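Just so you know, the sequences run in chain order L and F.
Start counting the first sequence at 14; every next residue gets the next number (the numbering used here).
Start counting the second sequence at 14; every next residue gets the next number (the numbering used here).
If you're looking for bench data, these hints aren't it; they were derived computationally from the structure.
A few of these clues could be false.
Copies of one chain are not kept apart here, so a pair can be met inside one copy or by any two copies together.
Mimicking SDA-like on lysine to any residue, the simulated pairs with C-alpha atoms at most 20 angstroms apart in a straight line are [as the list claims (entries may be wrong)]:
{"hint": "1", "residue 1": "100", "residue 2": "174"}
{"hint": "2", "residue 1": "265", "residue 2": "116"}
{"hint": "3", "residue 1": "265", "residue 2": "279"}
{"hint": "4", "residue 1": "36", "residue 2": "257"}
{"hint": "5", "residue 1": "69", "residue 2": "116"}
{"hint": "6", "residue 1": "36", "residue 2": "116"}
{"hint": "7", "residue 1": "36", "residue 2": "207"}
{"hint": "8", "residue 1": "69", "residue 2": "52"}
{"hint": "9", "residue 1": "69", "residue 2": "80"}
{"hint": "10", "residue 1": "265", "residue 2": "281"}
{"hint": "11", "residue 1": "69", "residue 2": "56"}
Bear in mind that the values here come from a model prediction, so they are computed numbers and not experimental data.
The lines below spell out each chain.
Number of protein chains: 2
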Amino acid sequence: MPSRGTSGSPRGYIVPVGGAENKDGDRPIMRRFVRIAGGEEARIVIIPTASELEVKGERYVELFEDLMVESAISLPMDERSDAFLDKNLRVLERATAVFLTGGNQLRLSTILGGTPVAQMLRRLNADGVHIGGTSAGAAIIPEHMIAGGPSGATPRADGVILAPGLGLINRIVIDQHFRQRDRIGRLLSAVSLNPFAIGVGLDEDTAVFINRDNVFEVVGSGGATVIDPTNLDYSSMDSARPGQAVSLIGLKLHVLAEGARYDIESRTAIAPEREPAKV
Amino acid sequence: MPSRGTSGSPRGYIVPVGGAENKDGDRPIMRRFVRIAGGEEARIVIIPTASELEVKGERYVELFEDLMVESAISLPMDERSDAFLDKNLRVLERATAVFLTGGNQLRLSTILGGTPVAQMLRRLNADGVHIGGTSAGAAIIPEHMIAGGPSGATPRADGVILAPGLGLINRIVIDQHFRQRDRIGRLLSAVSLNPFAIGVGLDEDTAVFINRDNVFEVVGSGGATVIDPTNLDYSSMDSARPGQAVSLIGLKLHVLAEGARYDIESRTAIAPEREPAKV
Numbered sequence: 014m015p016s017r018g019t020s021g022s023p024r025g026y027i028v029p030v031g032g033a034e035n036k037d038g039d040r041p042i043m044r045r046f047v048r049i050a051g052g053e054e055a056r057i058v059i060i061p062t063a064s065e066l067e068v069k070g071e072r073y074v075e076l077f078e079d080l081m082v083e084s085a086i087s088l089p090m091d092e093r094s095d096a097f098l099d100k101n102l103r104v105l106e107r108a109t110a111v112f113l114t115g116g117n118q119l120r121l122s123t124i125l126g127g128t129p130v131a132q133m134l135r136r137l138n139a140d141g142v143h144i145g146g147t148s149a150g151a152a153i154i155p156e157h158m159i160a161g162g163p164s165g166a167t168p169r170a171d172g173v174i175l176a177p178g179l180g181l182i183n184r185i186v187i188d189q190h191f192r193q194r195d196r197i198g199r200l201l202s203a204v205s206l207n208p209f210a211i212g213v214g215l216d217e218d219t220a221v222f223i224n225r226d227n228v229f230e231v232v233g234s235g236g237a238t239v240i241d242p243t244n245l246d247y248s249s250m251d252s253a254r255p256g257q258a259v260s261l262i263g264l265k266l267h268v269l270a271e272g273a274r275y276d277i278e279s280r281t282a283i284a285p286e287r288e289p290a291k292v
Numbered sequence: 014m015p016s017r018g019t020s021g022s023p024r025g026y027i028v029p030v031g032g033a034e035n036k037d038g039d040r041p042i043m044r045r046f047v048r049i050a051g052g053e054e055a056r057i058v059i060i061p062t063a064s065e066l067e068v069k070g071e072r073y074v075e076l077f078e079d080l081m082v083e084s085a086i087s088l089p090m091d092e093r094s095d096a097f098l099d100k101n102l103r104v105l106e107r108a109t110a111v112f113l114t115g116g117n118q119l120r121l122s123t124i125l126g127g128t129p130v131a132q133m134l135r136r137l138n139a140d141g142v143h144i145g146g147t148s149a150g151a152a153i154i155p156e157h158m159i160a161g162g163p164s165g166a167t168p169r170a171d172g173v174i175l176a177p178g179l180g181l182i183n184r185i186v187i188d189q190h191f192r193q194r195d196r197i198g199r200l201l202s203a204v205s206l207n208p209f210a211i212g213v214g215l216d217e218d219t220a221v222f223i224n225r226d227n228v229f230e231v232v233g234s235g236g237a238t239v240i241d242p243t244n245l246d247y248s249s250m251d252s253a254r255p256g257q258a259v260s261l262i263g264l265k266l267h268v269l270a271e272g273a274r275y276d277i278e279s280r281t282a283i284a285p286e287r288e289p290a291k292v
């Protein structure tokens with residue numbers, strides 16, 4: 014369950030990104046993230062733990078500094094003991110936003126899971142600090158994290174590996190590099206295991222900005238694929254043998270491009286406003 | 014529009030196969046096809062035109078003969094003039110079933126389109142002859158044929174190339190090698206161009222047997238992905254620029270594995286009967 018805030022301020026944005034966000038051109042996702050984080054007053058802490066490459070955090074420091082934030086700090090934590098250190102908690106406490114880089118989501122969850130840093134991330138978000146993550150950093154955001162699974166369009170009985178995530182939100186399951194790695198089958202598998210959650214598949218260079226009311230807006234050049242199992246009439250997931258194809262009847266599907274929104278609570282997709290016709 | 018029959022007998026089965034059907038083991042798709050075609054009294058004509066490989070037709074002759082049909086004949090037609098020859102029409106006229114092999118669906122449509130052979134295939138099916146096809150041979154079956162398009166999960170403004178097909182059925186659009194070649198984006202693109210048709214994505218080694226009432230049953234080891242745009246609330250397909258991601262709100266999605274059925278007329282998926290629990 015998401016943490017309850019103590020400060021009385023509304024929850025911060027939750028911003029999963031599908032990976033490979035634009036870093037050289039318009040950078041619409043990074044710009045929007047900086048804007049919600051406070052613009053010139055943004056203090057962004059980068060957690061590069063998903064990757065074993067030391068340079069990854071520094072890359073994002075440069076990116077955020079280039080967008081004129083007040084400060085951008087990389088906070089490497091390579092062992093669980095790092096996530097217990099007071100000095101690291103003190104760095105996090107000053108952030109207006111936290112960004113989790115890509116890499117391996119199981120590295121993120123095994124190093125941070127259950128530590129004071131993970132608890133603080135939940136509390137900070139509840140108290141109004143915005144938390145984003147790309148690729149593995151997006152996958153770990155929800156309560157139930159997709160840790161692995163084969164690619165392909167068809168859900169299978171063993172089509173997805175789930176693990177506990179950071180738990181900032183429990184109503185959606187996130188998959189990333191969605192179109193690029195052909196992951197609709199494993200997202201369908203995840204949603205059909207227990208249809209209480211909505212599946213959100215994020216293409217590369219595509220983010221959803223989830224506001225305090227759990228309404229999100231799509232930003233970026235790809236699509237967010239929403240699988241809503243509310244009216245699932247039938248699933249053979251319980252009786253299928255490993256590797257066997259599964260029948261799923263009655264799913265709702267939306268594909269949302271930039272500007273489209275989705276209300277996670279009411280499970281309603283909202284079309285983008287029409288651009289005025291260009292003559 | 015599908016042809017109207019002249020004999021008063023019900024329409025034959027229409028059997029699109031997703032490609033790479035099992036040919037060595039149980040061969041469930043081929044066996045079922047032979048059974049509906051008359052079993053030991055089946056006279057099957059194979060049209061290998063989609064492929065430039067002479068051997069392709071002969072391969073299916075062996076496959077069908079191995080399943081103990083009365084006759085299996087390959088009818089090579091490599092030029093349009095072949096599809097005007099009386100001797101070829103006479104071979105087709107004796108068939109209880111016709112099978113179109115895989116290859117390139119544009120080769121099929123450019124050689125057969127508008128010829129007496131194409132007209133005869135439509136009339137034969139209307140009069141009770143069963144027509145199946147695999148891969149390219151499946152794609153060409155409907156009125157609107159998917160001729161090409163990029164792979165990936167996200168529909169794009171230029172995400173699919175449509176061409177006129179054989180026109181045996183006009184209520185569905187078929188894509189094949191569905192899971193294996195990651196084609197949900199182009200099927201979504203096809204369906205959203207004009208939401209009157211249902212999209213059916215067939216995995217390899219997976220067929221739908223469409224009966225005279227336009228109810229189909231899934232046979233094989235993969236899934237049939239059904240995209241039903243009946244309740245499409247919003248599509249940005251009309252205003253999207255080439256390559257741009259498209260928003261589609263309110264699609265229905267079913268994934269159907271072996272034994273599940275779908276009523277194309279009422280747009281209703283029907284769950285397979287539960288197997289008795291194995292203790």
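Here is what the structure says about each hint:
1. Taking CA atoms no more than 20 angstroms apart as the test, residue 100 paired with residue 174 passes in neither setting, with 34 angstroms inside one copy and 58 angstroms between copies.
2. Within a single copy, residue 265 and residue 116 get their C-alpha atoms no closer than 31 angstroms, and across copies no closer than 34 angstroms, so neither meets the 20 angstroms cut-off.
3. In this assembly of identical chains, residue 265 and residue 279 lie within 20 angstroms of each other by CA distance both inside one copy and across copies; the values are 13 angstroms within and 17 angstroms between.
4. In the homo-oligomer, the alpha carbons of residue 36 and residue 257 lie at most 20 angstroms apart only across protomers (19 angstroms), although the nearest pairing inside one protomer, at 41 angstroms, exceeds that limit.
5. For the homomeric pair residue 69 and residue 116, the shortest alpha-carbon distance inside one copy (9 angstroms) is at most 20 angstroms, but the shortest distance between copies (46 angstroms) is not.
6. Proximity of residue 36 to residue 116 under the C-alpha cut-off of 20 angstroms is restricted to the intra-copy arrangement: shortest distance 17 angstroms within a copy versus 41 angstroms between copies.
7. Proximity of residue 36 and residue 207 under a CA criterion of 20 angstroms is satisfied in neither setting, with 36 angstroms inside one chain copy and 36 angstroms between copies.
8. Taking the shortest alpha-carbon separations for residue 69 and residue 52, neither the intra-copy value of 22 angstroms nor the inter-copy value of 64 angstroms comes in at or below 20 angstroms.
9. In this homomeric assembly, residue 69 and residue 80 come within 20 angstroms of each other (Cα to Cα) only inside a single copy, at 17 angstroms, whereas the closest approach across copies is 60 angstroms.
10. Both within a single protomer and between protomers do residue 265 and residue 281 lie at most 20 angstroms apart by alpha-carbon distance, with minima of 11 angstroms and 14 angstroms respectively.
11. Taking identical chains as interchangeable, the C-alpha atoms of residue 69 and residue 56 lie at most 20 angstroms apart only when both belong to the same chain, with a minimum of 18 angstroms there against 65 angstroms between chains.
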